[in-house]
Each structure stands twice: as C-alpha cells, then as structure tokens.
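Asks: Residue-level listing of the chains:
2 protein chains.
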Amino acid sequence: MLDKTLRMNYLFDFYQSLLTEKQRKYMSLYYLDDFSLGEIAEEFDVSRQAVYDNIKRTEAMLEEYEEKLSLLAKFEKRSEILQQLKEAVDKQATSEELMALLESLDTLE
Amino acid sequence: MLDKTLRMNYLFDFYQSLLTEKQRKYMSLYYLDDFSLGEIAEEFDVSRQAVYDNIKRTEAMLEEYEEKLSLLAKFEKRSEILQQLKEAVDKQATSEELMALLESLDTLE
Chain B
1 MLDKTLRMNY
11 LFDFYQSLLT
21 EKQRKYMSLY
31 YLDDFSLGEI
41 AEEFDVSRQA
51 VYDNIKRTEA
61 MLEEYEEKLS
71 LLAKFEKRSE
81 ILQQLKEAVD
91 KQATSEELMA
101 LLESLDTLE
Chain H
1 MLDKTLRMNY
11 LFDFYQSLLT
21 EKQRKYMSLY
31 YLDDFSLGEI
41 AEEFDVSRQA
51 VYDNIKRTEA
61 MLEEYEEKLS
71 LLAKFEKRSE
81 ILQQLKEAVD
91 KQATSEELMA
101 LLESLDTLE
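Chains B and H are the protein sequences, given in the same order. Each residue of the first sequence is one higher than the one before, starting from 1 at the first, in full-length UniProt numbering. Each residue of the second sequence is one higher than the one before, starting from 1 at the first, in full-length UniProt numbering.
Treat the hints with care, as some may be off.
One copy or two, either will do: identical chains are not told apart, so a pair holds if it fits within one copy or between any two.
[To be verified] In the DSSO-like style, the derived pairs of lysine-lysine whose C-alpha atoms are separated by at most 30 Å in a straight line are:
1. K25 <-> K74
2. K86 <-> K22
3. K56 <-> K91
4. K91 <-> K68
5. K56 <-> K86
6. K22 <-> K68
7. K4 <-> K91
8. K91 <-> K25
9. K4 <-> K86
10. K74 <-> K4
Just so you know, the hints here were simulated from the structure itself, not pulled from any lab data.
Working from the sequences, and respecting the hints, build out all of it.
Replies: Structure (structure tokens):
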C-alpha cells in the first residue's frame with residue numbers, strides 16, 4: 001500500500017478531470033504544492049475548517065472513483081508487467097516468455 | 001471512428017460503474033441485448049419516451065466521461081502497440097525494436 005500522500009497524488013492525477021475547479025485547486029495546493037490548510041484558507045479567504053472539509057470530501061470522492069474504476073490499481077499492474085517485459089528483453093528471453101508476458105498485459109484490460 | 005453501437009458498447013463497458021442502476025439496466029438491454037425502446041418500456045412499465053430520454057442522457061454522460069478520462073482512446077492506443085509488440089516478437093525483432101515499443105507503451109500512461 002502506498003503512503004497516503006503518494007496515493008492521493010496518484011488518485012488526483014487519474015481523476016482530477018472529474019472534480020470541480022475549487023476541489024482541484026485545494027487538492028493541488030495541499031498535495032502537490034505542500035500548502036498548509038491555513039495557507040490555503042488565507043489564499044481563498046475562507047475558514048480553515050471549510051478547506052479541511054472540502055479536502056476530506058474530495059479525498060473520499062477520489063477513493064470512491066478508484067473503487068469503481070480501479071485506474072490506479074490497473075496502472076500498477078500494467079507497470080509491473082511492463083517492468084518484467086523490459087527485464088525479459090534485456091536478458092534476451094525466448095519468444096515464448098515474451099509472448100506470455102504480452103498476453104498477461106492483454107488480459108489485464 | 002467506431003460505429004455508434006460498437007462505441008456505446010465500449011463506453012458502457014468502461015464507465016458503467018459510474019451509472020445508476022436504472023441507467024445500467026436500460027443501456028444493457030438496449031445495447032447488449034438488442035431490445036427495442038418499446039420492449040424496454042413495456043418491461044419497466046414506463047413510456048417509450050421516458051426510456052428514450054434516459055438512454056439519450058446516458059449516452060451523453062458516457063461521452064462526457066470519455067472526454068474527461070479518455071479510457072477508450074487510451075485502450076485503443078495500448079491495444080495497437082500491444083499488437084505491434086506481438087508481431088515484433090513473432091518476427092524475432094531486435095532488443096532495440098522491442099524496447100522502443102515498450103517505451104512507447106510506458107509513455108502512454
């Protein structure tokens with residue numbers, strides 16, 4: 001399991017197009033630019049609690065999208081097989097080995 | 001461009017988890033089981049117009065999700081490269097050629 005911040009970074013990356021403009025801004029400042037809740041509150045002239053609530057709700061939404069679409073989970077599985085494929089090519093694996101790995105990529109979809 | 005029915009089948013496949021239960025049922029009967037609007041209306045004891053409106057709205061939602069997440073477009077690009085990889089393995093391509101294709105898969109994400 002990824003650490004919370006890294007996981008939120010990934011989920012934000014995959015699902016940000018489904019968020020509102022405000023959600024995107026808060027999440028981006030908090031998770032990508034490492035602003036504190038207080039700094040974001042000041043920036044947008046709202047209460048720290050309002051920022052906190054918005055971010056918590058957005059985190060829950062991102063997890064809900066991941067539960068439904070599994071984009072992060074599928075990405076991780078594809079990355080793993082892709083890594084195995086590169087290593088197999090590197091060590092001149094047989095056509096059969098390469099084909100088996102390609103098939104496992106295919107059936108992931 | 002895929003034909004409309006095939007495209008809706010794909011989009012439904014990718015995004016059905018984001019639809020409501022009713023949307024899923026109507027779309028599934030209409031696109032997968034080839035029911036007519038009239039047959040679905042009868043099945044659910046609603047008007048043909050209600051079924052038509054619901055399906056049109058759902059189609060628009062699916063296209064909107066695709067515009068935001070591009071799951072079908074990305075799937076098509078990955079499939080194409082995967083096909084090229086299989087052909088490359090089949091004809092005993094060099095490690096360099098295979099690695100270049102694997103890199104292009106990697107940068108798709």
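Asks: None of the hints should be skipped; say for each whether it holds.
Replies: Against the structure, the hints come out as follows:
1. Taking identical chains as interchangeable, the C-alpha atoms of K25 and K74 lie at most 30 Å apart whether they share a chain (26 Å) or sit on different chains (26 Å).
2. Taking the shortest alpha-carbon separations for K86 and K22, neither the intra-copy value of 40 Å nor the inter-copy value of 44 Å comes in at or below 30 Å.
3. Proximity of K56 to K91 under the C-alpha cut-off of 30 Å is found in neither arrangement, the shortest distances being 46 Å within a copy and 52 Å between copies.
4. Within a single copy, K91 and K68 get their C-alpha atoms no closer than 38 Å, and across copies no closer than 39 Å, so neither meets the 30 Å cut-off.
5. In the homo-oligomer, the alpha carbons of K56 and K86 never lie at most 30 Å apart, since the shortest distance is 39 Å inside one protomer and 44 Å across protomers.
6. In the homo-oligomer, the alpha carbons of K22 and K68 lie at most 30 Å apart both inside one protomer (23 Å) and across protomers (17 Å), since each shortest distance falls under that limit.
7. Taking the closest pair of Cα atoms, K4 and K91 never come within 30 Å of each other, the shortest separation being 36 Å inside a single copy and 45 Å across copies.
8. For the homomeric pair K91 and K25, neither the shortest alpha-carbon distance inside one copy (45 Å) nor that between copies (50 Å) is at most 30 Å.
9. Taking the shortest Cα distances, K4 and K86 sit within 30 Å of each other inside one copy (29 Å), while across copies they are farther apart (37 Å).
10. For the identical chains of this complex, K74 and K4 are neighbours both inside a copy (18 Å) and across copies (27 Å), given an alpha-carbon limit of 30 Å.
Checked against the numbered hints given earlier, this structure breaks hints 2, 3, 4, 5, 7, 8; the rest are met.
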